[in-house]
Structures are given as C-alpha cells and as structure tokens.
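So the sequences go chain by chain: A and B.
Take the first sequence: its letters are residues 1 to 237, numbered as in the working numbering.
Take the second sequence: its letters are residues 1 to 150, numbered as in the working numbering.
Source of the hints: derived by calculation from the structure; they are not laboratory data.
Some clues are possibly wrong.
As a list, the in silico EDC-like pairs of lysine to aspartate or glutamate whose alpha-carbon atoms are at most 20 angstroms apart [stated by the list, open to error]:
1) A:109 / A:45
2) B:98 / B:81
3) A:109 / B:133
4) A:109 / B:134
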Amino acid sequence: MTTTAFRPAPPVRIRSALGLASLLGVLVAGAMALVWAPPDANQGEVQRIMYVHVPAAWTAYLAFGVVFLASLGWLWTRRPVFDAVAVASAEIGVLLTGLTLVAGSIWAKPTWGVWWTWEPRLITTAVMFVMYVGYLLLRSLSTDLAGRATRAAVIGIVAVVNVPIVHLSVEWMNAQHQLPSVLRPGGPALDERMLATLIVGTVAFTILYAWLMVERVALETARQDRLSDLAHGGPAR
Amino acid sequence: MSAARPQARRGGIGERRLLALTALAIAVAIGFVAYQNLGPSAVYYLTPTEAQQRRIAPGAAVRLGGQIEPGSLRYDPASRDLRFIIGDGITRTVVVGKGAPPALLREGAGAVVEGFFSTDGSFRATQVIAKHDEVYVPPAPSKTPPHRTP
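Chain B extracted, bound-state conformation:
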C-alpha cells in the first residue's frame, strides 16, 4: 500500500458555508449575552421609584417590581378583581389586575407585575408574578404563613 498518509477528507464549499453560518450564529448568541448584561437599557423590571424617575408614559408596556404593602391585597373571586399596592420603601403604586393571583403572592413579600400605567397613575397589570427571596426555612409550628393551596 502507499507509504504516504492520504489527506484527510475536507468538506466542500457547502460544508464550509454551513460552518461559517454556525460560527456566525454562535457569535450572535455571544453578542446577545454581552448586550443583555452590559446594555444600559436592559432591565427586567423597574422599581416604582425608577418608573417615576423615568417618567414612564401611560400605556407603555413596563414591568414593576417591589413589595406588596401589608393590608393592601384584595381579591374578589366573583368579579375576579385583584388589587394591591406595590412599593419599594419610597414610592407606592396601586396595582389593579384581573384573575386569581399566584398562590405565593402575599402581603409583605415581593411581586413583579407586567402591564402599563393608566392615566390616573394606577398600574394595570396584565401579569402578576410572585417573587420570593433566597431564604428557605422549615415551618415553625405557630408561625406558618397562610398558604393559598393546601
């Protein structure tokens, strides 16, 4: 047999193009990640104070994040009206929505609401998400917070 080692098979022009496209797609993905984390306008939610500072216009889609003010959470199952006040310690915003809130939504805990400001300054939520912190503790016998689900 031939003593010379044969050339390894090389891809044709089609394969090289596919290679280039894949490399490009990967580069785009990397660029996207970089932009997500370094772009100044890349925010998941604004606090009520930030929303006020940025003068978010009524009708503009935005997310607000904050704590639910104790005593403010109201849900009426008949009309499916949901209402609570979200705050960040400085600014308070009334949130109005439709539909049952997530099971973990409770007063004193966090929430992220997606929607828009209405002209009267209240926030019309199209989606309400409960936000919890990173602390996990077992239930204490006399202190289990009320769950909405068993």
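Here chain A stands alone, though its shape is the one from the complex:
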C-alpha cells in the first residue's frame, strides 16, 4: 500500500513575513486614515469610513478575479491546487464583500440618512455576495473532489461578471450611490492626501489578502490530500 507524501506547508519565513507585513500595513493605513488624511468639507470626519469601504470593495474584486482565473486553471489542467486557490479566494472575497456592505451601511446612515436602499450599486453588490455564498454552499454538498471542483469552476467563471456589473451600475442607471471617485474620466476627484491614504489602504488590504490566501490554500491542499487518501482506502501515514 502506498502512502502519499505529506505536501510541505509553505515556509515559515514567507508566512511570517506576510503576516508581519499585513499587520504593519493595517497599522500604517489606519493611522493615515484616522489622523493624517483630512476630513471632508461636506461630510466631516465620518467620510473616513471610505478608507475601509473602498479598499475592501476593490480587494473583493481582486479576489473574485482570482477565483475566475483559478477556475479556468482547474478546468484547463485538472490540478487540485487551482481548486484550492479558487475556494480560498472566494471565501476571502465573501468576507470582504460583507465588510464592504457593512461599512457602507454605517457610512450611509449619517450621510444619506438611511441604513439601506434598494438602489443599483447596493443591489448588485448584494447579489454578488449571495452568488459567491452560493458558490461556497455548492462546494460543501459533495466530497467528490474532481466533480465538485468542476461544478464550482463553472460558477466561478460565470459569477465574475458581477464585478463589472457592480462597478458600472452607477454609470448605467440613475442611482443613489455616487459615481466612482477614482476610476473616472478626468482623473480622481479626491484631495491628494485622501488619494494617498486610499492607495496605502488598498495595498494593506492586498497584503492581508495575500497572507490569508497562503494560509488558506495550504489548509485546503492538506484537506485535499486527506480526502484523496481516504478515497484510496486508508489514512496517510
């Protein structure tokens, strides 16, 4: 009887470096957001929620883009590591989208006057959230690695269409949510210090994403090894 060799965990050096970098990034971005960036002439201090809301949204887009690529990778190569990357990125993307919605709601109450309204940007973001939760639920229905990876990959490829729909929704239709402040013709409509803080915040969120990905993918590949050992008729030694 053969046993599968244990796949080694990623080197502790890399994991610690990413973890430390994430912590530093969050601390620096937090300090810039709370202290260094100026308040808004219109909204005052509450506008600082933007430095959580926007980086979370952008990093969620990145995460779902990675799900798309990893899903393609699985269908193309059938290598389980692509499936591991897809599920890890989808989980983090769902968390980040949830954070975007919560931070946005907290921001909306003192500025717009309501916690929620059924307007295009909010609806499409909520749909994106639900769709990727559905992706994760679909995966949990089966332990057949190849079958579930293929089913999930199809969803992972289709669901990425949410990302441009969410972003362009405010441009296509009359909406409550304002137009993009950065990705717009004519350039960013932000004070320089606000833009710098936003960029640093986005970098911090991306490093955090990368760290969570390394840990989660390692966990998933270990689980894959375990499941495939069980399917082969015995535990790995």
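We have chain A; now place chain B onto it with these hints.
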C-alpha cells in the same frame, strides 16, 4: 490491498436534487442581475422631467431625484414640516414631508425622495435621502458649508 482505485463516493438522489436546486437558485440570481440592468423599466428614481413625461399618476409610489433649489429648504421643528423644491434644471417640483431631514440635506445639493404625487402637483415624500457627488475635498477655512451636526 486491491490494485484498482476505488470509485470516489457519489452523492445519492437527494444530494443531486439539492445540487440542482442550488444551481437553479444561482441561475435565478444571475437572471435577476441581468434583468435589473437591462430591463427598460428598471429605474431607481426619475428626474422631475421624466416623471412629468411619464405622466405619473397621483398616489402612485415613485422616487424623484434632483437638486434642492437654493432658498427653498424649510424645516419647522415644532410641526416637523419639511418643505423644499427639487429640480433637474428644467422642471421644478415642490416636495412636502414630515420629520427631520438627513444631516447632509442642503440647498444646491442632491436629494432622492420616495413617495407619491398629490392631486395638486406637489410631491408627498415618505422618505428623503441626501445624495452627494463623488468629489471629496478638505474644508477650506472660510468656506466650510454649514453642517447640521457638529
């Protein structure tokens, strides 16, 4: 041990049905998104001009979006009567509501109001939301707009 690799476990009929239902739910969600953005009747709000063109009947629930006309915003804390004029540069509509407006509601800035037209042509708002644009600038010392909250 057996040299042949055993079949991976397959789900039963119940699991397959759940799978199909989940796939269906996802398809419905996708369809909903598509309809939201491609359906011609899918609007979040109408401008006062659009509301006039579509001849929105009194009593029909609708949202209006536009700018608050400078000089028109009135709120009486005693009676909680709110009144302002919303416009889009072409059409002006009087809006009447009850209750304190959101802190960011101010003249010259945007608003979205939910409610219905009354027979006299004014709009009875059941909800008033302030709408701001995408520009963020720090306050200039002599020019900070008046905030309703400190």
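Structure-based check of each hint:
For the given pair, residue 109 (chain A) sits about 14 angstroms from residue 45 (chain A) by alpha-carbon distance, which is consistent with the 20 angstroms threshold. At roughly 5 angstroms between alpha-carbon atoms, residue 98 (chain B) and residue 81 (chain B) fall within 20 angstroms of each other, so this suggested pair holds. Only pairs whose Cα atoms come within 20 angstroms are accepted, and residue 109 (chain A) paired with residue 133 (chain B) is accepted, the gap being roughly 16 angstroms. For the hint pairing residue 109 (chain A) with residue 134 (chain B), the CA-to-CA distance comes to about 17 angstroms; that is within 20 angstroms, so the pair holds.
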